Amino acid sequence: MTPWYQDPVQFIAEWLRGVLLGWGMPPSGVELVLTVLGAGTIALLAMLWVVFLIWYERKLIGRIQDRFGPNRVGPWGIFQPIADMLKIFTKEYITPEGVDRVPYNLAPILAVASVLLIWAVIPFTMTVMGVNLNVGIVYIIASGGLGVLGIILAGWSSNNKYALLGGFRAVAQLVSYEVPMVVSLLIPVILAGSLGVNDIVMAQRIPYLLSAPVAALIFFITSMAETGRSPFDLTEAESEIVAGFNIEYSGLKFGMFYVAEFLHAFTVSLLFATLFLGGWRGPLAEQVPLLGFVYLVVKTFVVYFVVILFRGSLPRFRIDQMMDLNWKLLTPLALVSLVVSALVAKPLEEMPLAQTLALLVSNGIVLILFIEGTGKKVQRKREIVGKPRPLAVPHPEEQQPAQSTGG
Amino acid sequence: MLSEWLYVGVFFLIAMFLPAAAIFIAGILAPKKPNPIKSSTYECGIETVGPAWIQFKAQYYIYTLVFLVFDVEVVLLFPWAVAYHQLPLFAVVEGVIFILILLGGLLYAWRKRALEWL
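Chains as they are written, first to last, in this note's numbering: chain A, 1 to 407; chain B, 1001 to 1118.
Where hints are given, some of them may not hold.
[Unchecked claim] Here are the simulated lysine to aspartate or glutamate pairs, EDC-like style, with alpha carbons at most 16 angstroms apart: (1) B/LYS1057 x B/GLU1116; (2) A/LYS59 x A/ASP84; (3) B/LYS1032 x A/GLU92; (4) B/LYS1032 x A/GLU97; (5) B/LYS1033 x A/GLU97; (6) B/LYS1038 x A/GLU97; (7) A/LYS328 x A/GLU372.
Derived from the structure by calculation, the hints contain no laboratory data.
Model, not experiment: these values are computed from the prediction.
My request is simple: use the sequences and hints to build the entire structure.
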């Protein structure tokens, strides 16, 4: 058995198992208690983690926009989300007349649950994970589908036209982007030969970012779209449909959508780090499991930083552009890269290094061909509609003395 | 095997319970003072005309149909992907042909202008 400081979670679990068995509980009962405790701990920690995420993201977005971000409550404003949380807990629920109550109240719960469910299969270290399901990838996709359900329920049950528009848009967007995402996830599955998330991590002697760069790129873009954040935040575009599907929500019911969005962004980074950057793998991670957790956190935060950078620097897509990007670029690209990877990887199975190199080169060629060929063809040419208007030049005689407009 | 799915079941219940409990507690703490104006449907200050539950734009439906085709296809591809290492080259090529047929389907939908946002 490893010393406690190398794998504290396993140590506590073993200790607890010993204590409970010592009390004379039946072994199956002990397993049930440990299962409930483990699941509860992961879910609760994920929920509480959001408090930190909100602060981190606001601070970073502030810096990107040349502001300070939260800096009043506590050192560096770190208690700001806690203050916000206390406030939102005492906010009134305004439930409009004519909402469909059951789906209306179920929607925020489903939105959070769909994201939390993904945490059940993520391996945090070599030994500490919720569960290594043999259909882990399918499970992750299915949990994502549950999130779509939450959003359409919210949009439909609110009995509000903006909410309905937001809900429709959300379904069109999330459902469409699921196609390239699922196809791109097939490539790590092919390389690892398993659907289990921990098996995929175990198989990554070389991170799959190198063997499947196109899949990684597609997964990153599509999962950004699945989170429904900028630049894909058409579902809640303020300037078009006010707040989209969550317009009629208030108090903590709205807060739950907010929590779900932030947690989803982080979960996506976690997934990306796990599936394409090697998860907990790193030097000595197999001897000292705690070190694997550190590697995972570092990798996740690198990806999360890029996610926030995307949010902070890109403007929102128009909806037809977004659909074109998905159906006319990402989906064919995902299918072609799947075909190429499957054909290239097969003859080189015995030589992992040569396989990685061949995959890297072929992926690069596919990407360049796509961007040069299809991508440019799909891109619409800018058309000038109407004649250019003459510039407004004031006539010298009619020129008024300059007036202060008062700001 | 069964204990794995037990874990997922327990996790699902907890994942549903945590937000539900938070919403419930906030409901106890929060004031409740509804009035007719406050609980009217929001539409930028204008009174709503007609119900929101209407038939609306078939374009979304077409996208969902195309999505359905691809989702079913991926379900068929997952076993192929898992068994990839045991498959001979012949079977891999068969899978590739399947994907190419699908790519043909995508091109068909494209040519039929099912992917245009109208």
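Evaluated hints:
no. : hint                  : in the structure
1   : B/LYS1057 x B/GLU1116 : 13 angstroms, holds
2   : A/LYS59 x A/ASP84     : 15 angstroms, holds
3   : B/LYS1032 x A/GLU92   : 6 angstroms, holds
4   : B/LYS1032 x A/GLU97   : 15 angstroms, holds
5   : B/LYS1033 x A/GLU97   : 14 angstroms, holds
6   : B/LYS1038 x A/GLU97   : 9 angstroms, holds
7   : A/LYS328 x A/GLU372   : 14 angstroms, holds
The structure agrees with every numbered hint stated previously.
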